[in-house]
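In order, the protein sequences belong to chains A and B. Residues in the first sequence are numbered consecutively from 1, following UniProt numbering. Residues in the second sequence are numbered consecutively from 1, following UniProt numbering.
Fair warning: there could be bad hints in the mix.
Any copy will do: because identical chains look the same in the list, a pair fits if it lies in one copy or spans two.
Only pairs whose alpha carbons sit at most 25 Å apart, straight line, appear in this in silico SDA-like list of lysine to any residue [what the hints assert, rightly or not]:
no.: 1; residue 1: K26; residue 2: R121
no.: 2; residue 1: K26; residue 2: H112
no.: 3; residue 1: K26; residue 2: R9
no.: 4; residue 1: K26; residue 2: R115
no.: 5; residue 1: K26; residue 2: I315
no.: 6; residue 1: K26; residue 2: R318
no.: 7; residue 1: K26; residue 2: A314
For the record, the hints were derived by calculation from the structure and aren't laboratory data.
2 protein chains.
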Amino acid sequence: MAETPGVVRITDVAALAGVSPSTVSKALNDTGSLRPATRARVREAAERLGFVPDAQARSLSARRSFTVGLLSTDSAGRFSLPVVLGAENALVGGQISALLATARHDPVREQHHVRSLVARRVDGIIVTGRTTDPRRPIQVPMPVVYAYSPSQDPQDASVVPDDTAGMAAVGRHLLSLGRTRVAYVGGRADQAASTLRHAALAATLAERGVTLVGEPLFGEWSERWGRLAVDLVLGDHSPGEPLPVDAIAFASDQLARGGCDRLRDRGVRVPQDVAVTGYDDWDVMALASRPPLTTVDPQLDRLGQRAAELLLAAIDGRPAHGTELSPPRLVVRGSTAGDT
Amino acid sequence: MAETPGVVRITDVAALAGVSPSTVSKALNDTGSLRPATRARVREAAERLGFVPDAQARSLSARRSFTVGLLSTDSAGRFSLPVVLGAENALVGGQISALLATARHDPVREQHHVRSLVARRVDGIIVTGRTTDPRRPIQVPMPVVYAYSPSQDPQDASVVPDDTAGMAAVGRHLLSLGRTRVAYVGGRADQAASTLRHAALAATLAERGVTLVGEPLFGEWSERWGRLAVDLVLGDHSPGEPLPVDAIAFASDQLARGGCDRLRDRGVRVPQDVAVTGYDDWDVMALASRPPLTTVDPQLDRLGQRAAELLLAAIDGRPAHGTELSPPRLVVRGSTAGDT
Chain A
1 MAETPGVVRI
11 TDVAALAGVS
21 PSTVSKALND
31 TGSLRPATRA
41 RVREAAERLG
51 FVPDAQARSL
61 SARRSFTVGL
71 LSTDSAGRFS
81 LPVVLGAENA
91 LVGGQISALL
101 ATARHDPVRE
111 QHHVRSLVAR
121 RVDGIIVTGR
131 TTDPRRPIQV
141 PMPVVYAYSP
151 SQDPQDASVV
161 PDDTAGMAAV
171 GRHLLSLGRT
181 RVAYVGGRAD
191 QAASTLRHAA
201 LAATLAERGV
211 TLVGEPLFGE
221 WSERWGRLAV
231 DLVLGDHSPG
241 EPLPVDAIAF
251 ASDQLARGGC
261 DRLRDRGVRV
271 PQDVAVTGYD
281 DWDVMALASR
291 PPLTTVDPQL
301 DRLGQRAAEL
311 LLAAIDGRPA
321 HGTELSPPRL
331 VVRGSTAGDT
Chain B
1 MAETPGVVRI
11 TDVAALAGVS
21 PSTVSKALND
31 TGSLRPATRA
41 RVREAAERLG
51 FVPDAQARSL
61 SARRSFTVGL
71 LSTDSAGRFS
81 LPVVLGAENA
91 LVGGQISALL
101 ATARHDPVRE
111 QHHVRSLVAR
121 RVDGIIVTGR
131 TTDPRRPIQV
141 PMPVVYAYSP
151 SQDPQDASVV
161 PDDTAGMAAV
171 GRHLLSLGRT
181 RVAYVGGRAD
191 QAASTLRHAA
201 LAATLAERGV
211 TLVGEPLFGE
221 WSERWGRLAV
231 DLVLGDHSPG
241 EPLPVDAIAF
251 ASDQLARGGC
261 DRLRDRGVRV
271 PQDVAVTGYD
281 DWDVMALASR
291 PPLTTVDPQL
301 DRLGQRAAEL
311 LLAAIDGRPA
321 HGTELSPPRL
331 VVRGSTAGDT
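The following block holds chain A by itself, in its conformation from the complex (with noise of 0.2 Å):
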């Protein structure tokens, strides 16, 4: 597949653009002063030869690593790594390497990697979690953005799904379904993604002078959860009597999914009984899901990019404060759009 890398030599470069070897250097590291048309024809002459710097002569005439850190605290990965690889997506378009360091929920751990990290002079570090709480800062010196689980800290920045808008396009997407009966099952009451949610819900259906139906119902992150939430919703209902609902609104695919599993059960037909709504746009949730699920997707490689962009900024001298949200985006399919 590949010839052996690295053959293409500075002084190639500079033979090519007719230009001295430090000039190439200057030119490819942005430093010194020179012509914009000389440094335009020397990285137009190292492209086309597909020169790749040495990094580390790179990094020690430029006092930057070109490396950022990616520091994850999650063992499963199911979130924390798509917005790892949207992060190192980004990063190479802008020449950085990334180092991975993954923690396992476990703050020794962390503190190793931290450590680890600054002592491999990375340019900057981005956090992530497995949860959007709030997470403790690490105290590092230099530019740090934390993505998925921001800081507790609101001068830190921080790049979060928008969850409030995501559930909001799920109320007004029942809305426009004529669906008005509506119930919240969320996962652990304790937990951001359960209670965000919620009150997203309860505040785009009340805009239309809409109620939730019962109390908001939390429990845990699973499908067995979503098939209780059922139970618990309809109650004793039998078929052929009226349904106390008519959309179900879950804070996660897998609820979603075990929920409809419980509705086929009991006899209750998805989406012309009740429609079913879930979160997170998890394709072997909401696809195998009978009916697949009309669901929202958080988009986390483009949240992983954007917080590569900040930390990018940063390390450029222009760091952001505050948290910032990335937008979601809503996918109907045929747990309320009928036929599919």
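Position chain B relative to chain A; hints supplied.
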């Protein structure tokens, strides 16, 4: 959570150990000729103070970067990321940092990543992929170990999951339960994960004179295909009639989960009438399935750790050649074992 790291200097370690800073450097970098007792005293002092050597300086003095590249070509990451995390885990123990490079099944991007890792002077590279099918080797001037996806070159070092052992364990388990009318459902027919597992199951049953029921069924890696395959196995069987099989071995948990759903839809009891097995021990599938799946855990984190060990040995001048099989583990749950 953290004090600002990096405050302990090499002179602090030297003072505590009662030696010169250059002796500290030699002791920690394993260079020069020191008495073992001196080396031990320096290491103890460094550990006590939590001294983290400047990685760039360490790198220049030792002519090693103490950095390894983790090259993944898997866009979803379902299989390669556990491998990557296992490798990263093992590397951290050896004070090695991991540069993450994800190519998303794009050869041009992979080539860019390979050049970039070479330019970074990584000490070695672990290459992972999204299937167990052999892949083309990369050409680089440092050691490489292939994990999960083996190299097509038998002289390279590869670590792959031992699918033959995994499916043989399934076969023996089914025989131990007295099941002898076993059907096999694979994923894509052109992939080793489908064909190797079929061959292993057939061979294991044959040792006891048992033949698989019907031809192996191949399709796609989805729950949908798992459901369809059950219809193909059962044919126009009606509840109450004798069943053509007493077990179905699926080549993945997704397939098995779809299979369980369809068996239940058709009034067939799992495991009383038909035992079901999956493969992968993918928690969100295996545990959410009704009943939970007996399956094979390929222990991908251990596979990644082993790849890291082989790479570190190769960096130390002890390269391995050929393909090493990483052992799986049978996990017994309700889909074969009765009430769970």
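Quick one: which hint numbers does this structure break? Sort them smallest to largest. Result: no hint breaks.
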